[in-house]
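My request is simple: use the sequences and hints to build the entire structure.
Just so you know, we're using the UniProt record's numbering here: the sequence shown kicks off at 1 and counts up by one.
Don't take every hint at face value.
Okay, the calculated beta carbon distance ranges per label pair [as the list claims (entries may be wrong)]:
id	residue 1	residue 2	range
1	Thr219	Val176	23 to 31 Å
2	Lys159	His114	29 to 37 Å
3	Asn188	Thr111	31 to 39 Å
4	Tyr158	Asn179	22 to 30 Å
5	Asn132	Thr181	25 to 33 Å
6	Glu184	Asn83	35 to 43 Å
7	His138	Thr204	21 to 29 Å
8	His138	Thr86	44 to 52 Å
For lysine to aspartate or glutamate, the following EDC-like pairs were computed, each having C-alpha atoms within a straight-line distance of at most 16 Å [said to hold, decoys possible]:
id	residue 1	residue 2
9	Lys159	Glu134
10	Lys163	Glu185
11	Lys118	Glu63
12	Lys159	Glu175
13	Lys208	Glu175
14	Lys208	Glu184
15	Lys163	Glu134
16	Lys159	Glu184
17	Lys222	Glu134
18	Lys163	Glu214
19	Lys208	Glu185
20	Lys163	Glu175
21	Lys222	Glu184
22	Lys163	Glu184
23	Lys159	Glu214
FYI, nobody ran anything at the bench for these hints, they're computed from the structure.
Glycine residues also receive a C-beta, built at the ideal position from the N, C-alpha and C atoms.
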Amino acid sequence: MIILHYSRTYILFLPSQGTPFNRLSQSLYSQPVLAHATHEHSACLHLQSLHCSNTREDPHDVEYIWRAISDTVKVMEYNSTLNRFTGYTPTGKHKAEQFNADPVVLASFQTSLHFFCKYYGALAYKAGLNSNVEPSVHLRSMTPHSDRHPSMLTCSVYKFYPKQIRVTWLRNGQEVTSNMTSSEELANGDWHYQIHSYLEYTPTPGEKISCMVEHASFTEPKILHWDMSLPESGRNKIAIGASGLVLGVVFAAAGLLYYNRRTTTGGGGE
1 MIILHYSRTY
11 ILFLPSQGTP
21 FNRLSQSLYS
31 QPVLAHATHE
41 HSACLHLQSL
51 HCSNTREDPH
61 DVEYIWRAIS
71 DTVKVMEYNS
81 TLNRFTGYTP
91 TGKHKAEQFN
101 ADPVVLASFQ
111 TSLHFFCKYY
121 GALAYKAGLN
131 SNVEPSVHLR
141 SMTPHSDRHP
151 SMLTCSVYKF
161 YPKQIRVTWL
171 RNGQEVTSNM
181 TSSEELANGD
191 WHYQIHSYLE
201 YTPTPGEKIS
211 CMVEHASFTE
221 PKILHWDMSL
231 PESGRNKIAI
241 GASGLVLGVV
251 FAAAGLLYYN
261 RRTTTGGGGE
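The following block contains the structure:
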């Protein structure tokens, strides 16, 4: 699952007897940034951290966390999902109790949720999802699903975005329209997808079979050629058939020689 994090950290230059709930005197980050963790500044006397997390495909389904830290100790935290403050020090617990009882404070932090997280989070969501992710393509031989054909190829396409994709089979450069099946675009759970296409066929010496993938991440279709004229399964079946034919010829020849010999021997006796 892709997780979008938006963090903003403020340093408060306050005297040691001050609290981290006073008006900000300076802002280090005037612009939002994407990060995987809240910025830490252990050398700061006081700081406030604004942290937004998005773990779903809906950019508006976010959680806003506000933290107040003093001398690297977490004093208090606000969670938008609960719409409540939690204190971790005596001062923090006292302030949390006051803030939870104040509808104006709670409303102001809900406003921060919409401004910091939902507005900037939607921008980050669009920026991240507007980028195409190029898939990896694998072509391999497998055991056929049915007895209609002796061989089967599988073309697997992994980890692509966006979802729209086209996978086709080519036989000597011409698109194949029969004896093929395909899965749906399967979600990986992390906004990436995979798809698998199958082609059952009867091997023919000298033919070229290819899998062609068309996706927005490619400047041109990607084509993988099956570089063996006959897959292992096809070669085995043909080899077994050829062996049977050779054995049949050998037995037939032996029988013919035996018959001729008996005929010759019998004729000499008369």
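Hint check:
1. Thr219 with Val176: 23 to 31 Å: For Thr219 and Val176 the Cβ distance comes to about 24 Å; the hint holds.
2. Lys159 with His114: 29 to 37 Å: 34 Å, holds
3. Asn188 with Thr111: 31 to 39 Å: Holds, at about 36 Å.
4. Tyr158 with Asn179: 22 to 30 Å: 24 Å Cβ-Cβ, so the 22 to 30 Å window holds.
5. Asn132 with Thr181: 25 to 33 Å: Since the Cβ atoms of Asn132 and Thr181 sit about 27 Å apart, the hinted range of 25 to 33 Å holds.
6. Glu184 with Asn83: 35 to 43 Å: 40 Å, holds
7. His138 with Thr204: 21 to 29 Å: 23 Å, holds
8. His138 with Thr86: 44 to 52 Å: Distance hint for His138, Thr86 holds at roughly 49 Å.
9. Lys159 with Glu134: The given pair, whose Cα atoms are some 7 Å apart, holds under the 16 Å limit.
10. Lys163 with Glu185: Answer holds: Lys163 to Glu185 is near 7 Å, not above 16 Å.
11. Lys118 with Glu63: Holds, at roughly 9 Å.
12. Lys159 with Glu175: 25 Å, violated
13. Lys208 with Glu175: Satisfied, since the Cα-Cα distance of roughly 12 Å is no more than 16 Å.
14. Lys208 with Glu184: With a Cα-Cα distance of about 26 Å, the restraint between Lys208 and Glu184 is violated, given a limit of 16 Å.
15. Lys163 with Glu134: Status holds; Cα separation ~11 Å.
16. Lys159 with Glu184: 14 Å, holds
17. Lys222 with Glu134: Judged against 16 Å, a Cα distance of about 11 Å means the pair holds.
18. Lys163 with Glu214: Given that 16 Å is the threshold and the Cα spacing comes to 12 Å, the pair holds.
19. Lys208 with Glu185: Violated. Lys208 to Glu185 sits at ~26 Å, over the 16 Å cutoff.
20. Lys163 with Glu175: Since the Cα atoms of Lys163 and Glu175 sit roughly 22 Å apart, the hinted pair is violated (cutoff 16 Å).
21. Lys222 with Glu184: 19 Å, violated
22. Lys163 with Glu184: Holds. Lys163 to Glu184 sits at ~10 Å (cutoff 16 Å).
23. Lys159 with Glu214: 14 Å, holds
Figure legend: structure checked against the earlier numbered hints; hints not met, in rising order: 12, 14, 19, 20, 21.
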